[in-house]
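Please build the complex by placing chain B on the supplied structure of chain A, with the hints as guidance.
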Amino acid sequence: MSWNNQGGGPWKSPGRGPWGQGPFGPPPTGDLEEIIRRVQEALAKLTPGGSGGGIGKGFGGRGALFLVLAALLLWFAWGTFYTVQPSEVGINLVFGRYTGKTAAGLNTNWPWPIGSVIKVPVWDQQITEVGYRSLGASADIPEESQMLTGDKNIVDVHFRVNWQIDPAKPEDYVFNILNPRETVKAVAESIMREVVGLKTIDGILTTDRASVEADVQKRMQDLLNTYRAGVLVKQVQLQSVDAPSQVLSAYRDVTAAQQDQQRAVNEAETYANKVVPEAEGGAARIVAEANAYREQTILEAKGQTSRYNQIYEQYKKAPGVTRERMYLETMERVLGPMDKTIVDSNSASPPVPYIALEPLQSKPGASGK
Amino acid sequence: MNGVVLAAIAIVAIIVASMATFVVDPTEQALILRFGQPVRDLIDAPGLYFKWPFVDTVVYIDKRILALDNERQEVLVSDNQRLEVDAFVRYKIDDPLLFYQSVTNTRGADAQLGGMLNSALRRSLSGASITDIVRDKRDALMADIRDQMITGAKRFGLQVVDVRIKRADLPAENSEAVFRRMQTERQQRAASYRAQGSQQSQQIKAEADRKVTVITAQAQQQSEQIRGEGDGERNRIFAEAYGADPEFFAFYRSMQAYQNSFANGQTRALMSPKSDFFRYFSTPTPAPEAATAPVPAPSAKAD
Numbered sequence: 001m002s003w004n005n006q007g008g009g010p011w012k013s014p015g016r017g018p019w020g021q022g023p024f025g026p027p028p029t030g031d032l033e034e035i036i037r038r039v040q041e042a043l044a045k046l047t048p049g050g051s052g053g054g055i056g057k058g059f060g061g062r063g064a065l066f067l068v069l070a071a072l073l074l075w076f077a078w079g080t081f082y083t084v085q086p087s088e089v090g091i092n093l094v095f096g097r098y099t100g101k102t103a104a105g106l107n108t109n110w111p112w113p114i115g116s117v118i119k120v121p122v123w124d125q126q127i128t129e130v131g132y133r134s135l136g137a138s139a140d141i142p143e144e145s146q147m148l149t150g151d152k153n154i155v156d157v158h159f160r161v162n163w164q165i166d167p168a169k170p171e172d173y174v175f176n177i178l179n180p181r182e183t184v185k186a187v188a189e190s191i192m193r194e195v196v197g198l199k200t201i202d203g204i205l206t207t208d209r210a211s212v213e214a215d216v217q218k219r220m221q222d223l224l225n226t227y228r229a230g231v232l233v234k235q236v237q238l239q240s241v242d243a244p245s246q247v248l249s250a251y252r253d254v255t256a257a258q259q260d261q262q263r264a265v266n267e268a269e270t271y272a273n274k275v276v277p278e279a280e281g282g283a284a285r286i287v288a289e290a291n292a293y294r295e296q297t298i299l300e301a302k303g304q305t306s307r308y309n310q311i312y313e314q315y316k317k318a319p320g321v322t323r324e325r326m327y328l329e330t331m332e333r334v335l336g337p338m339d340k341t342i343v344d345s346n347s348a349s350p351p352v353p354y355i356a357l358e359p360l361q362s363k364p365g366a367s368g369k
Numbered sequence: 370m371n372g373v374v375l376a377a378i379a380i381v382a383i384i385v386a387s388m389a390t391f392v393v394d395p396t397e398q399a400l401i402l403r404f405g406q407p408v409r410d411l412i413d414a415p416g417l418y419f420k421w422p423f424v425d426t427v428v429y430i431d432k433r434i435l436a437l438d439n440e441r442q443e444v445l446v447s448d449n450q451r452l453e454v455d456a457f458v459r460y461k462i463d464d465p466l467l468f469y470q471s472v473t474n475t476r477g478a479d480a481q482l483g484g485m486l487n488s489a490l491r492r493s494l495s496g497a498s499i500t501d502i503v504r505d506k507r508d509a510l511m512a513d514i515r516d517q518m519i520t521g522a523k524r525f526g527l528q529v530v531d532v533r534i535k536r537a538d539l540p541a542e543n544s545e546a547v548f549r550r551m552q553t554e555r556q557q558r559a560a561s562y563r564a565q566g567s568q569q570s571q572q573i574k575a576e577a578d579r580k581v582t583v584i585t586a587q588a589q590q591q592s593e594q595i596r597g598e599g600d601g602e603r604n605r606i607f608a609e610a611y612g613a614d615p616e617f618f619a620f621y622r623s624m625q626a627y628q629n630s631f632a633n634g635q636t637r638a639l640m641s642p643k644s645d646f647f648r649y650f651s652t653p654t655p656a657p658e659a660a661t662a663p664v665p666a667p668s669a670k671a672d
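Residue numbers (my numbering), protein chains in the order written: chain A, 1 to 369; chain B, 370 to 672.
If we strip away everything but chain A, and leave its shape as in the complex, we get:
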């Protein structure tokens, strides 16, 4: 009920009563009593012929007084109390003058028309969407979303700004700016275009995204602070950053081409990884074969010389006989299977070859040679 109750917190504006005349006295109900007393005095003065003792002079005076008192009580009961939701801050005005903020819960202020309350949803997260609308039919708004990059390309940016009314300064939000919501949006569009204008299209499509978000947030906050807008920019989120739909397929093809390139390289690597080890295996085989040949050759030579040496040892013991025996044994083996024609010729000239003596050929295989 008391005026002073509502100002118990840190928002109390000290030294200033509801009428702007200075603090009221400490008794909690004093103001109401005083008002009643003033009204009584005023009524007493207005009553003709009743200077000072008007009250209680006749039934009509009493009735009017009663009515006025009842109206005053009703007025107070209806107008004094109000509720502030947990997400809100109440701003108390008395005759238009800002007198303080109230927290969530039951609060009091002077009833209308003396006092009024503006409830500001400071804890609500506000969302401003630029370039698109998540609600409604238009998913893309080209005139908002398409913007020029620093290298004179066009990029299509959808983003949203999460912001809230600054809980420390809701009065700035309410009193300083006409249509703050529109202001946030206009500032967001302007700043985003400014930041995107500093980037190249390749940068903004790939690596610069995070820095764009942070940069836009900071610049927005700075600019809104110069307006004393009472707005906290919590976050700037790029929803999508794309090439414009007119050229999107060409951009996607670049990605596909990069993958093609990678694939070609991978295929070539696969080929290289196959043929080089195979060649190394082949090389190892060639070397191994050569080693085998060497071993074989040496061993054969050693074997042959060993055989020779043994024969030679025996030969040395009886050279003539051994030589004769070897000669005859060899000739026996050599001439044994041969076709032989013995030609008695006294001359030293070589025998004349005669060819067409078919009956002499006893072996059928020889004719084919």
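Derived from the structure by calculation, the hints contain no laboratory data. Misleading hints may appear alongside valid ones.
Stated by the list, open to error - A few chain B residues that don't get close to chain A, going by computed Cβ distances all over 12 Å:
hint: 1; residue: 409
hint: 2; residue: 426
hint: 3; residue: 442
hint: 4; residue: 496
hint: 5; residue: 525
hint: 6; residue: 611
As the list claims (entries may be wrong) - In silico lysine-lysine, DSSO-like type, Cα no more than 27 Å apart, as pairs:
hint: 7; chain 1: A; residue 1: 152; chain 2: B; residue 2: 461
hint: 8; chain 1: A; residue 1: 185; chain 2: B; residue 2: 506
hint: 9; chain 1: A; residue 1: 218; chain 2: B; residue 2: 506
hint: 10; chain 1: B; residue 1: 461; chain 2: A; residue 2: 218
Bear in mind that the values here come from a model prediction, so they are computed numbers and not experimental data. In this text, a Cβ means the ideal position worked out from N, Cα and C, and glycines have one as well.
Just chain B, lined up with the frame of chain A:
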């Protein structure tokens, strides 16, 4: 009777009181006009104020930062390029009396500021290139426009807080040209990536083939060397063994060669009975004659 008079007087008093008082909100400032003439000072603090009923009228004037969002303007910038520019102005009513006298209300102020903004935009941007506006000199150009606006707006009691270029876009037909350029750029880039892929692929394969050739050749070289070592060793062993008695070796090796050469038995031999082999063919006594080795026929298959 008394009560009725009392009530009537009270009602009249309330009406008069309500006409003699007014409230100024924190968002407002107020001018008091007496028969159209401004009297008293500007009221710019919120609160409850008094005036003469019937005589004085109150004009409330907004104290907040007001917005002017300009219509999209096509501006000719340098190189005969056209640019569609959206700008907004944020301003306050700084001198309410001047404001009230010159433009009366915000609609009038918006009209004045809009015209001012258009000419300022054209003046500042006409010499700048698109790159300047979009990237290089955006801040400077906006500051220039703002300064022009600040000066111009003073005449109407307005204080320009900020002027910003919101959008600066190419007109639709120029956008098409940009899209075509972007498209061809990307096509070039895609072709370049694919060509690079092909090039790298060829390089990698060629390098692999080179390695294969070199590895094989090195192996061949090593192989020949090893085989040579083997052959050399063989020669050394033979030379060592056979060198002791060259004559016997010639005999021994000849015997082996004969045996191997005629081993298949498909050779026809014409033989003289006088050869050494037939020494005892006709007589059992030794006949020390010059031996003649058997002569293979020309048709003999060489080993």
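Of the hints given before, which are not true for this structure? The structure conflicts with hints 6 and 7, although it agrees with all the remaining ones.
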